[in-house]
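Participant: Produce the complete structure using the sequences and hints provided.
There are 2 protein chains.
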Amino acid sequence: MNTNAASKNAVILLSGGLDSATTLGIAHAAGYICHALSFDYGQRHQREIAAAAALARHYHLARHVTMTIDLRAFGGSALTADIPVPKDHLGHAAPTESQIPITYVPARNTVFLAFALAFAETVAAFDIFLGVNAVDYSGYPDCRPEFVHAFERVANLGTRAGVEAAAAGGAEAFRIHAPLVNLSKADIIRQGLALGVPYHLTHSCYDPTADGLSCGHCDSCLLRLAGFRDAGTADPIPYAP
Amino acid sequence: MNTNAASKNAVILLSGGLDSATTLGIAHAAGYICHALSFDYGQRHQREIAAAAALARHYHLARHVTMTIDLRAFGGSALTADIPVPKDHLGHAAPTESQIPITYVPARNTVFLAFALAFAETVAAFDIFLGVNAVDYSGYPDCRPEFVHAFERVANLGTRAGVEAAAAGGAEAFRIHAPLVNLSKADIIRQGLALGVPYHLTHSCYDPTADGLSCGHCDSCLLRLAGFRDAGTADPIPYAP
Chain B
2 MNTNAASKNA
12 VILLSGGLDS
22 ATTLGIAHAA
32 GYICHALSFD
42 YGQRHQREIA
52 AAAALARHYH
62 LARHVTMTID
72 LRAFGGSALT
82 ADIPVPKDHL
92 GHAAPTESQI
102 PITYVPARNT
112 VFLAFALAFA
122 ETVAAFDIFL
132 GVNAVDYSGY
142 PDCRPEFVHA
152 FERVANLGTR
162 AGVEAAAAGG
172 AEAFRIHAPL
182 VNLSKADIIR
192 QGLALGVPYH
202 LTHSCYDPTA
212 DGLSCGHCDS
222 CLLRLAGFRD
232 AGTADPIPYA
242 P
Chain X
2 MNTNAASKNA
12 VILLSGGLDS
22 ATTLGIAHAA
32 GYICHALSFD
42 YGQRHQREIA
52 AAAALARHYH
62 LARHVTMTID
72 LRAFGGSALT
82 ADIPVPKDHL
92 GHAAPTESQI
102 PITYVPARNT
112 VFLAFALAFA
122 ETVAAFDIFL
132 GVNAVDYSGY
142 PDCRPEFVHA
152 FERVANLGTR
162 AGVEAAAAGG
172 AEAFRIHAPL
182 VNLSKADIIR
192 QGLALGVPYH
202 LTHSCYDPTA
212 DGLSCGHCDS
222 CLLRLAGFRD
232 AGTADPIPYA
242 P
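Sequence order for the protein chains is B and X.
Numbers 2 to 242, taken from my numbering, label the letters of the first sequence in order.
Numbers 2 to 242, taken from my numbering, label the letters of the second sequence in order.
Take these hints with a grain of salt, some might be off.
Unchecked claim - SDA-like, lysine to any residue: derived pairs with alpha carbons at most 25 Å apart:
#, chain 1, residue 1, chain 2, residue 2
1, X, K9, B, R73
2, B, K9, X, I34
3, X, K9, X, I34
Calculated from the structure, these hints are not laboratory results.
Facilitator: In structure tokens:
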């Protein structure tokens, strides 16, 4: 962990889920001045946008921007289109050729990181945090370390700040931090609990009830519940009966 | 030029300007089924959105999506914020350390390419065209070949289609085409005229009049006018008196 982060700006992609909340907790604990970015992208689980706002308040963030984008204009995923969310089949209810879940949203993290980069450059931040994880395997291609590294190169080549940093000898450059990428869900939760991450404010369910209760049966709920179980503690959020 | 493009889908980033119109003309002439993507991103020059729509009609495109995004939420550029557009000083009215114009918009082409990638994956296109140019030097870091190549890598690592293509032996993969990147403005115009690109429908001005007439004095107008002059022909659009 970088211990020289005091007074450095950072942008954190904050979905309102368990992983992004832990990532925010890590950046906050490291001393970064945290600017959070959330998206209203036509996802089914609008409940998570409220969770992101609650987390931003909890951490007294320097800034929290919620960007509205219409990925539904393109279609193509269970999270944004009219495809049933898979239930009680952790992993791959309807495997595709490459074992990528049907909840995959085309190029989602590329879009999110692109906006995070624009935000970062505007607030003079070189550090971007995102909570992707490639262990408790979500199966999403844009959650892998090689994708994160490739985007880091785009960030440094495609921005004024990156070009000026390179011209100045590379002392500073964009870094895409993915501190959870090699952790199990249980390890993520253990680390978050140690940092005091308020998991009661987070939301993970792909298919909550009208009251905002988590279903307990979608991929995201199953992964979350197994993670708390493996970490030896109870999930503090309520689930639908 | 790929002559095996017949019946292949492509996504073209279409701003409505001279360069993107020429790029569309090139993709169209190569036989691609063209899907265009434009952005309403809070730019001053809303006039160019109308130009993009006129070009889409002219070419009878398979699809034209205009995505609304609010880059003003971040601030930071003459095109989206309240900074005067430089006039009559082609290049660098107010040079920055790295000679990047103040009309630079943070990470703009990264954001645009990210959406183009999402669109491409949704319509099963592997070919993305954008009209960036690094010769008649715009000074934008995200108009350079190395940036385009870096984004191509992101596209192939961060999408289901890219991962499945790699698993299938790499016969197909995302390609980011920047056919104008090494052409002078005059050469772009010559090529476009040879392809019958309807330049009278395009718009380039950063600061048009209320009636939509081009100012003739901003960087974009000066580059355009010099390009037509060097190509030995007249610019068919009207300018403010």
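Participant: Against the 25 Å threshold, does the CA-CA distance of K9(X) and I34(X) hold or violate the hint?
Facilitator: Holds: K9(X) and I34(X) sit about 6 Å apart, inside 25 Å.
Participant: For the pair supplied as a hint, K9(X) and R73(B), confirm whether the alpha-carbon distance does not exceed 25 Å.
Facilitator: 23 Å, holds
Participant: Taking 25 Å as the top limit, are the C-alpha atoms of K9(B) and I34(X) close enough?
Facilitator: 47 Å, violated
In this structure, only the earlier hint numbered 2 is contradicted, and the remaining ones agree with it.
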